[in-house]
Amino acid sequence: MAQLREVETTVDELKHLFSERAQTGETMILNMGPQHPSTHGVLRLLLELDGETVVHAIPDIGFLHTGIEKNMEAKTYLKALVMTDRLDYLNNIGNNLTYCMAIEKLMEVKVPERAQIIRVLMAELQRIASHLVWLGTHAIDLASMSVLLYCFRDRERIMDIFEMVSGQRMMTSYIRPGGVWRDVPDGWIAVVKEFLDYLPTTLGTYESLLTDNPIFKQRTQGIGYIGAQDAIAWGMSGPSIRGSGVNYDVRRAMPYCGYETYEFDVPLETGGDVYARFRCRMREFHESLRICRQTVERLEKTKGPFITNDRKVAPPPRSELATSMESLIHHFKLWTEGFSAPKGEVYAATESPRGELGVYLSGDGGPKPHRVHFRCPSFSNLQPLDYLAEGHLVADLVAIIGSVDIVLGDVDR
Amino acid sequence: MGLEQKLGNLGVVTMTLEQAVNWGRTNAMWPMLFGLACCAMEMISTQAPAYDVSRFGMELMRASPRQSDLMIVAGRVSRKMAPVLRRLYDQMPDPKWVLAMGDCASCGGIFNNYAIVQGVDEVVPVDVYVAGCPPRPEALIHGVMTLHAKVRKEKISQWK
Amino acid sequence: MTHIAKTVAALRKKFPDAVQEVIEFRGETTVVVDAASLVAVCLFLRDDADLNYNYLADLAGIDYYPDEPRFAVSYIVYAMTVNARFRLKVFISGDEPEVPTVTGVWPTANWYEREVYDMFGITFTGHPDLRRLLMPADWVGHPHRKDYPLGYEEVQFSFNWREVDARKPYAKE
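Residue numbers (the working numbering), protein chains in the order written: chain Y, 1 to 413; chain S, 1001 to 1160; chain A, 2001 to 2173.
Each computed DSBU-like pair below joins lysine-lysine, with the alpha-carbon atoms no more than 30 Å apart:
{"id": "1", "chain 1": "Y", "residue 1": "K105", "chain 2": "A", "residue 2": "K2006"}
{"id": "2", "chain 1": "Y", "residue 1": "K333", "chain 2": "Y", "residue 2": "K105"}
{"id": "3", "chain 1": "A", "residue 1": "K2172", "chain 2": "S", "residue 2": "K1096"}
None of these hints come from the bench; they were simulated from the model.
Pulled out of the complex, with its shape left as it was, chain Y reads as follows (with noise of 0.2 Å):
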């Protein structure tokens, strides 16, 4: 068998996270372990407990840690890529789509117009998609369990989306340094059409499920309380910061693929709870649609090319490669060695759907990266635990974890 050690944990060695309490035995230390159906994910709380009431959540991670940053310094950029997608799990072309604007900043590339339209209208698909990952497995954990069915039949149909562009419903790896994969295929722009004109009806349906239900109001609201400058104080970002009334959205602080020109509003709540968090999320659905159809109209009257024509950087077309032989040096050298980057450091944002998500890249002349460290936002948001739970119920430990919408992929990478 491999190498398995169990590590003992004591009170001793974390004396110094809990309360005096916990040394007497007043209080209770419960393990939440990694596996758990609230957590989200593979997080475990060690929570100490007065009775029902925590005193003290302190996270612990790392159960997911899968050494990406140090495995794509042994990958080219663009093998690196494919590892993108699978930090964040529920924001895969976020990710794809920060490390690629993180390459194109270092390399100074130029993506083209028809490029940057496909890239926010997958962007904003993907954060829709996510949206309703946290609104079914939120409200599940608030013992709604038709939400949770409801939201992932709306997921399919985005998934059905992705899979006719790039040929994978989640791990779609297509955004490329320099543009995308491929153009849209015939079709699709109808299909995007009839899943915009379709949501906003069962959205329709969640917030009259959920919104004013007596019930869910109260158990989120006044739970989880953070105010805006703390908020600010511990890193926060997203919706998490939102909903306590910071204004700060990385589309509008420093805009990218082309944000600037869209037309869209900021949901900002000043709540700082729970349900201030679930209604700035709630919002942010018909935000996103309404910077999709957008997207939609200009991808209809924008052509031109999906990917830059700098050969160095974006493979040439096949088509060409029979008749060019400068073209087939390209291909040849992309896919042997790999395009390199210049030496130097570029930190790329983007909003995910958790908040900041961003790409710090190093390169250092050579065809891998030197250093790639993603900065991301449940990494942050999940930070204050201890002090968004202290004095609530482990029922409302649940409910703040599920607010604070963290992706232990994104935690641990």
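Fit chains S and A to the supplied structure of chain Y, relying on the hints for placement.
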């Protein structure tokens, strides 16, 4: 079966004990909720209405290992998680089966590095491997049906 | 003058010895400071009424082996009210490098510094809870260092199938 042919439609079916027990085991095999990473999303999609796995009796994902028969290891198992996985497997009562879903559980997948266990069969004995990254819900259902076929062929001597 | 240019000028004025280098690359500004005055610089950036860098966006470690100085820690700080961000970098070397902690300035640095400690072995002096974060508690070594092996398993092809299979640990029930 000759008895039935002679007596006609009396509402009686005869079968061997093996067949009866194996049929009972396959038709309501409860999976344990062990979604780790991306494959867990496809596992939940398999239980969602579009690819409904409750037709096979598996809609109920028990969170507790004590109440489940099948452990679907969905996702990459890191070295920190491996002892936990083994402990959960040990906590499951017999008869139990393990289905390694996805490339990471089968062989380490694309992550050939220090942090990921290269195939969950280093930790627990696996009955069925389902390939894919992540495997489509249809692929997972095919894996489940393969497991059912395997269980149906078990002999009394192999029962645990 | 842009906010960042104002910041760099204020830093040069207040900490003339600490600021070692200012790099402009691809539209981003990086200010290299020395480790000893890091906390003072960060407090100044956060508390000064004109600068107001209240958000720490990212804290990352980098290993430049075999170049010297070997390690660097990069802080991306962001002034939310003015929407300006730049990078602070600290270079350290040695086998047991040390950097003062900034958890007193931005509480979010807590886990980020634990992760850099776990992955690179850089000790953050003054950190309230410096333990391993992502690796198991008894792991030896710091994985993201360049001299730490990737730890990959030999790929099984048909020609070496039996040799690799014999070495591979399998679970027995």
